[in-house]
Amino acid sequence: MLHKLLFKGTIFAAGMWILLNTLGSMADRIAPNDVWQVKDKAHYRSLMNRRNQIQAISLGNSHSESIDFNVLGLEGQSLARAGADLFEVERYIATVADKLPSLRMAFVTLSYYSFSRDNSTLDNMRIRRIALYAMLPTWLPVESDGRNLLLGKLHAYSRIMSVARPDNWYNVLRRIRKFSFTDDPSQSNLQFGGVNTVTPWGECSHFTTRELETHSREIASKNVTSSRAMEKAHPGLQDDTFEALAETIERLQANGIRVILFTPPYYEVYTANFTDQASDIIDQMHWVVKRLVGKYQVEYYDFSKDPKLITRPELFFNSDHMNDCGRKAFSERLFRAMIETRNIGSISSNQ
Amino acid sequence: MLFNSLEFAIFFPIVVSLYFLLPHRYRWVLLLAASYYFYMSWKPEYIILLLASTTIDYFLALRLATESRPIFRRTFLIMSLMANLGLLFSFKYFNFFNDSFRTLFQKAELAYPIPALNILLPVGISFYTFQTMSYMIDVYRGKTQAEKHFGIFALFVSFFPQLVAGPIERSDNLLPQFYKKHRLDYDQVVSGLQIMLWGLFKKLVIADRLALMVDMVYGNPTQYTGLPLIIATYAFAFQIYCDFSGYSDIAIGAARVMGFDLMQNFRQPYYAQSIPEFWRRWHISLSTWFRDYVYVPLGGSRVEVPRWCLNILIVFIVSGLWHGAKWTFIIWGTLHGLFMVITILWNRATERVQWTLSLPKVITRILKIFVTFNLVAFSWIFFRANSLSDADYIVSHLFTNMGVKLSLRNIIPISKFEFSIAFIAIILMEFIHWLQVRNISTRIFVRDRPIWLRWSVYYMLVLIIIVFGKFGLKEFIYFQF
Chain A
610 MLHKLLFKGT
620 IFAAGMWILL
630 NTLGSMADRI
640 APNDVWQVKD
650 KAHYRSLMNR
660 RNQIQAISLG
670 NSHSESIDFN
680 VLGLEGQSLA
690 RAGADLFEVE
700 RYIATVADKL
710 PSLRMAFVTL
720 SYYSFSRDNS
730 TLDNMRIRRI
740 ALYAMLPTWL
750 PVESDGRNLL
760 LGKLHAYSRI
770 MSVARPDNWY
780 NVLRRIRKFS
790 FTDDPSQSNL
800 QFGGVNTVTP
810 WGECSHFTTR
820 ELETHSREIA
830 SKNVTSSRAM
840 EKAHPGLQDD
850 TFEALAETIE
860 RLQANGIRVI
870 LFTPPYYEVY
880 TANFTDQASD
890 IIDQMHWVVK
900 RLVGKYQVEY
910 YDFSKDPKLI
920 TRPELFFNSD
930 HMNDCGRKAF
940 SERLFRAMIE
950 TRNIGSISSN
960 Q
Chain B
24 MLFNSLEFAI
34 FFPIVVSLYF
44 LLPHRYRWVL
54 LLAASYYFYM
64 SWKPEYIILL
74 LASTTIDYFL
84 ALRLATESRP
94 IFRRTFLIMS
104 LMANLGLLFS
114 FKYFNFFNDS
124 FRTLFQKAEL
134 AYPIPALNIL
144 LPVGISFYTF
154 QTMSYMIDVY
164 RGKTQAEKHF
174 GIFALFVSFF
184 PQLVAGPIER
194 SDNLLPQFYK
204 KHRLDYDQVV
214 SGLQIMLWGL
224 FKKLVIADRL
234 ALMVDMVYGN
244 PTQYTGLPLI
254 IATYAFAFQI
264 YCDFSGYSDI
274 AIGAARVMGF
284 DLMQNFRQPY
294 YAQSIPEFWR
304 RWHISLSTWF
314 RDYVYVPLGG
324 SRVEVPRWCL
334 NILIVFIVSG
344 LWHGAKWTFI
354 IWGTLHGLFM
364 VITILWNRAT
374 ERVQWTLSLP
384 KVITRILKIF
394 VTFNLVAFSW
404 IFFRANSLSD
414 ADYIVSHLFT
424 NMGVKLSLRN
434 IIPISKFEFS
444 IAFIAIILME
454 FIHWLQVRNI
464 STRIFVRDRP
474 IWLRWSVYYM
484 LVLIIIVFGK
494 FGLKEFIYFQ
504 F
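Those sequence lines, one after another, are chains A and B. In short: position in the first sequence from 1, add 609, done, that's my numbering. In short: position in the second sequence from 1, add 23, done, that's my numbering.
Honestly, the hints are just simulated from the structure, not real lab data.
According to the in silico footprint, chain B covers these stretches of chain A (three or more CB under 8 Å from chain B): (1) 610 to 616; (2) 623 to 629; (3) 752 to 762; (4) 766 to 773.
Below, computed lysine-lysine pairings styled on DSS-like, alpha-carbon distance capped at 25 Å: (5) A:650 / A:762; (6) B:439 / A:787; (7) B:66 / B:349; (8) B:66 / A:841; (9) A:613 / B:203; (10) A:899 / A:841; (11) A:841 / A:831; (12) B:204 / A:613.
The beta carbon of each residue, even a glycine, is placed where N, CA and C say it ideally should be.
One chain only, chain B, in its complex shape (with noise of 0.2 Å):
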C-alpha cells in the first residue's frame, strides 16, 4: 500500500478515527493491526520476516537486561545482531555476493557450484532491521530499557507510517510515545495533514514527473551524449530528494495526526555547503545511526588521522551497500567517503593558513553550495545508473559533443510542458526551503493569515497535486533499500 494510492487514502482515515474512538489501552492493538495489514498488503508471507525479527529481539532483550555477566549479554547482542544480519544478508545480500564470487571462480576457471536464490527483496527489511539493531545495541549500552510488552515492541519495530522506509527511529523516542495518551488534537491534526499534503506535493508533483525523463536517459543513456545526460543527473538529484524527503514528510505527518513525533529526516541537503554537511542533511536517521553505531565504536575522530580516514571510508562503503547490494551504490558510497576525507584533510591542511582571497560571504556561500550539490550530484550518477558499464558510459559522455547544436526534445526527453511544471514546482520547493534555511517556518506563516487565506492555500496546494500530480503509482525509491 503506497502512501499515494487510493487504499491509504481510505486506510489512514479509517485507521485515525479508530485510534481517536478507541480507549488508550487498547490503541496499540489497533496500531498493531494495522502496521500489519499495512505490511502484508506488499506481500503477505514476509510478515514472517517481520515477526521473527521481532521475537528474536524481543526476548534476547529481555534475556540481555537481565544478565550481568558481559560475557552473556555480549553473546545475546551478537545473537539478536547476528539474526538481523542474516536476514538481511539471506535477502539482499547473498546474489550479490555470490555472484561476485561466482564471476571471479568463473575468471580463475574453476567451478562454483552455488546457485542463486530466486527470492524477492522484502520491503522495508533494511529499515526495521537496522531500528531493531539499534534498540538491541541501545538496551546493551544500558541507553535504553528492554520493552516489556511484547505488543508495544512489535509496535515499535512495526509502526505503519515509517515502517517500509523510515525515519529509522530510535527506541528512546518511538517507544515511550506508544505509552503517552495522546488526545485529538485540532492543531496537530491540520499539522500533520499540512506535512502530508507537502510529501505529495514533492512526490507527485516533481518526483514522478522527473522520473519520465530520468528514466529515458537512465535507462538507456548509450543514446544520449553531453547536456542531456547533465541534465537527467541535475533532475535526478531532484528527483530522489523529492521521492525520499516526500515519503518521510508522508511518514512524519500521518505520524503527526496520531499525535506520534518522528525525527526529521531532511534539513535541505542541497543547501549544504560541505560533504559533510551535506550528510547532516540528508537522510538523518540512517547518517545518525552509521555514526552512533559504526563510526564512533570504530573509533571515530578521535584516533590518528590515517584510521579517523579510515573509519570514515568503512561507513560509507557501508551505508552504500545498505542502499543496495550493487557494486554501483558501493562506488558512490565511497565516492562519498573519499569527499569526506579529502574535505576533512582539506580544512585540515588550511586550518593555519590565512586566505587572503576576500570575496563576499554570500559568495562564498554559494559557490560552496554550487561545490557540494555537484559533487553530490555526480555521485548520483552511481546511484541510478543500471550498471557499471553505463555509469562508466555516463561519466565519459557527459562532456562530449557539446559543441553539436541539438534541438530542445533532444536536451531534454520529455515534453516542454512536463519540464515546465517540474521546473516551476523546483522553484517554488526551493523557494520554501530557502524560507526555511531562513528560519521562516512557512506553516507557522500560514497558520497566523486569516482563514480565508490559510484555506485558499490548503485548496491551491491540493488543487496544485490534482492536476499537475502524476497517478502513476510509482513507488517510492528507498522502497527497493
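Excised from the complex, chain A in its bound form (with noise of 0.2 Å):
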C-alpha cells in the first residue's frame, strides 16, 4: 500500500513539476509577472559573468541605479532591486561577497524609507523577498522569514508563482489572443508622455516638469504609506534595519571592501512632497545613518538636496529616479565629492 502511494505520488509529482515548468517558463516567455524580476535577474547574471572582473557594486532598491560605474572608470555592477529593503541588501551580499575576487567598493543606497521597510510584512511587496530567494543561491531566510524562503525556492525549483501569477493569466491570455508576444508600449512603466532634451551628458529622454510634480506627489504619498504600515506590521522596525545595514557594512568591511553609503538626488518636489508627509522617517534616516557613520568610520554622500542636480528635470526619468543624464551627472559629482572626503568616516552633504 505505501509502495503504491509512494510510487504514483511520485510520478504524480513528477508530471507537476513538468507541468507547473513548461507554464512557468511559458507564461514569463510571454508576459512576465514583473518587469522588475527580469532585470533583477539580468544584473544577477551580468554580476556571475563577470564576477571575477567586478571591481565596484551598487545595491539597494532602484535608486541605487544611479551611479554610472563607466563614470567612475570601475568595472561595476548594478544590483539594484526594484523596492528592495535592507535585510535584502544583507542577503544579496552575504551570498556574492565572497564570490567577487576583485571587489574594492560597495555602494549602498540609502533611500528616505531605508530604515522603515520589511517587504516580508505587506502582501503586495512580499513577492520582491520570495523573488530574491528565488535568484539567488542561499538557503539561510532574514530571520523569521523561513516561510518566504521556502516560497522562494519552491518557486525556484517549479516556476509556481510564474503560473499562480497576482493576474490569474489576464496578460499571458491577452497576449495570446492577440498573438503580440512583443513588449506592448503602453504597459511600459512610464505614466506621462516625457520629452527629450540635449545636456552636457547628451540626449536623453525625462517628463516634463508638471509631469514630475504629479509624479512626485503620488510616489511620495505611495512611499509614505507602505513605509508607515510597514512600521506599524513590524514592530522595532528601524533598530533591526540598522542591524541589517551594519551586519552589511561587517561583512564587506571584513573582506576589505570599501563601503560608500549615499543618498542619490531626487527632484526637489519629491523631497517636499515627502518631507511635507513624513519629516519624520527623514529625520530617522538621517539619525541612524549617524549612528552608523559613527560606528563603523564609513562614507555617507548626501546628494538629495544637491541644487545643482534636483532643479534639473532633464536628469531625471521621473521624481525620484534619474534617467542616463542624471546618472552621468550624479557619478561625476560623487566622484568628485570622495576624491575630496578623503577622510573616511565622513558624512558629506551637498546642499
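Join the two chains into one complex using the hints; note that each chain is given alone, in its own frame.
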C-alpha cells in the first residue's frame, strides 16, 4: 500500500513539476509577471558572468541604479532591486561577497524610507522577498522569514509563482489572443509622455516639470503609506534595519571592501512632498546614518538636496529616479566628492 | 495556520506521514501535539482556554458518569455548561451586551461605569465549546460514555481538521474513531485528497474572488444603488457557501486521509425547495446541534402551534447570536426563524386545500428553489452588512435607480476577467452539485475512469486552482465565529 502510494505520488508530483515548469516558462516568455524580476535576474547574471573582474557594486532599491560606473572608471555592476529593503541587501551581500575576488567598493543606497522598510510585512511587497530567495543560491533566510524562503525555493525549482500569477494569466491570455508576444508600449513603466533634452551628458528623455510634480506627489505618498504600514507591522523596524545594514557593512569591511553609503538626488518636489508627509522618517534616517557612520567609519554622501542636480528636470526619468544623463551627472559629482572627502568616516552633504 | 497556506501544505503531509509511521498507541499523542501546534499558530496564549474547557469537561463528565443522584448529575452538567458558556460570554459576547447596555443607559441619561474589554475573539471558540457541551449533555443523557483517557478526550476537543470551524462533531461519532487502528488505505488517501482539492477550488477560485466584489460593495454600500447591490448580495451568497463549505471539505478530506470520517456539513443547500430544507442542507453539524440540544428540549414540534413557533424563533435567534455578537446576526437569525414559522403555518393552512394550479413538477421545483434561494440571499444582507444602518441602506436601495443606465464597470465593480472566472467556476460547481442531487457521485465517476483520464482531471483541477486561485491568504469567514 505504502509503495503504491509513494510510487504514484512521485509520478504525479513529477508530472506536476513538468507541467508547472512548462507553463511557468511559457508565461514568463509571453508576459513576464513583473518587469523588475527580469531586470534583477539580468543584473545577477551579469554579475556572475564578470565575477572575476567586478571592482564595484551598487546595492539597494531602484535608487541605487543612479550610479554610472563608467564615469567612476570602475568595472562595476548595479545590483539595484526595485523596492529592495535593507534585509534583502544584507542577504544579497552575504551570498555574493565571497564570489567576487576583485571587489573593492560597495555603494549602498539609503533612501528616505530605507530604515522603515520590511517587504515581508506587506502582502503586495512579499513577492520581492520571495523573488530574491528564488534568485540567490542561499538557504539562509532573513530572521523569521522561513516561509518566504520556502516559497522562493519552491518557485526556483518549480516556477510556481510564474503559474500562480496575481493577474491569473490575464496578460498571458490577452497576448495569446492578440498574437502579440513582444512588449506592448502601453504596458511600459512610463505613465507620462516625456520630452527629450540635450544636456552636457548627452540627449536624454525625461518627464516635463508638471509631470514630475504629479509623479512626485503620487510616489511620495505611496512610499510614505507603505513605510508607515511596514513600521506598524514590524515593531522595532528601525533597529532591525540598522542591524541588517550594520551586518552588511561589517561583512564587506571584513573582506577589505570600501563601503560607501549614499542618498541619490531626488527631484526637489519629491523631497518637498515626502518632507511634508513624513519629515520624521527623513529625520530618523539621518539619525541612524549618523550612528552608522560613527560606529563603522564609513563614508556617507547625501545628494538628495544637491542644488546642481535636483532642480533640473532633464536629469530625471521620474521624480525619484535619474535618467542616463542624470546618472552621469550624479556619478561625476559623487566621484569628485569621494576624492575630496579622503577621510573615511565622514558625512558629506551636497547642499 | 490556514488550510490554504504554505504552512499547512508542509504541516499536513508531515503529520500524515508520522501518523502512519507511528505505532497505533502513540498516534493520539502525535495528533494532540499537532492539533495544539495548529491552534497555537494563531495566538499561543489562547491554548489556555482550550485546555481549561477540556480539563473542566473531562473531570465533570467523569464525576457525572459515576454519580447516580439526579440533583448532583444536574449540578455537574450545569457547572460544565456555565463554564463553557462563561468562556463564550466573556470572550465573545461581553462587549456586545456591555455596549448595548451602555447605549440604553446613555439614552436614559444614566451613568454606565463598566468599560469595554480589550480582547480578541479566540479562533474557533464557538465550535469547540459547542462540541464539548454536546459531549457533556450526551454523557448526562446516558447517550455516550464518559471518556476516561484524558489525552483522547483532549484530542476529541481539539482535533485539528475540525477545530477552528467545524464540523461540530458528536462524541459518539468521533471519540470511538480515535481508538480505531487506521491503516494506510490508498483509496481513502486519494478520496481525502480529492475532497480537499475540491474545497480549495471553492475557497481560492470562487470565494476569494467573489470577496473582491463583495468587500468593495459592502465595505462602502452608500456608493451603490440597485443592480450592484443585488449582484453583490448574490455574490455573497456564493462566497459564503464556497468559503464555508470549502473549509468543511478540506477538514473532511484531511481527516479522511488519516482514516477519520467527519460528518457531512453541506448538501447542496441552494437546491433546497424551502427554508426548512435549506437548514437540513446548510451547516448541518450546527443545525442538528441546535435541533438536539435546544429545539427538542424546548418541546420541539410536540407542543401547541404558538409554542412550536416560539421554539423555532428562539432557536434561530440563538443561532444568529452564535454566529456573532452583533445585532445584524440576530436579525439574520430572526429572519430565518420567521421564514421557518411562515413556512410551517403556510403548510398547515394549505394541507387541507387542494391546489388547482397544475404546473409541471419541474417548474414547481424550480420556482420553489428560486424563491428559497432569494429568501436566503436576502437574509445574507444582514449577515454580511457591517452595521444595521448599512443593512438598512442596502435593503432600502436594492431596487432604486434601476432605470439608470450604468456601465458594466459600475454594475460589477471588478474586472470582466475576474467576474468571468467566478461565473464559469460557479457554473462548474453547480453542474457538479446538480449531478450530486441526482445521486451521481463525480468522485466515483472519476475513480472508475482509466488512469490517463483520471489523472488528467486531477492535473486540471490542481492547475485551475494554481492558475485561477487568489492567493492572498484570506481567512475563512467562519473563523470569526
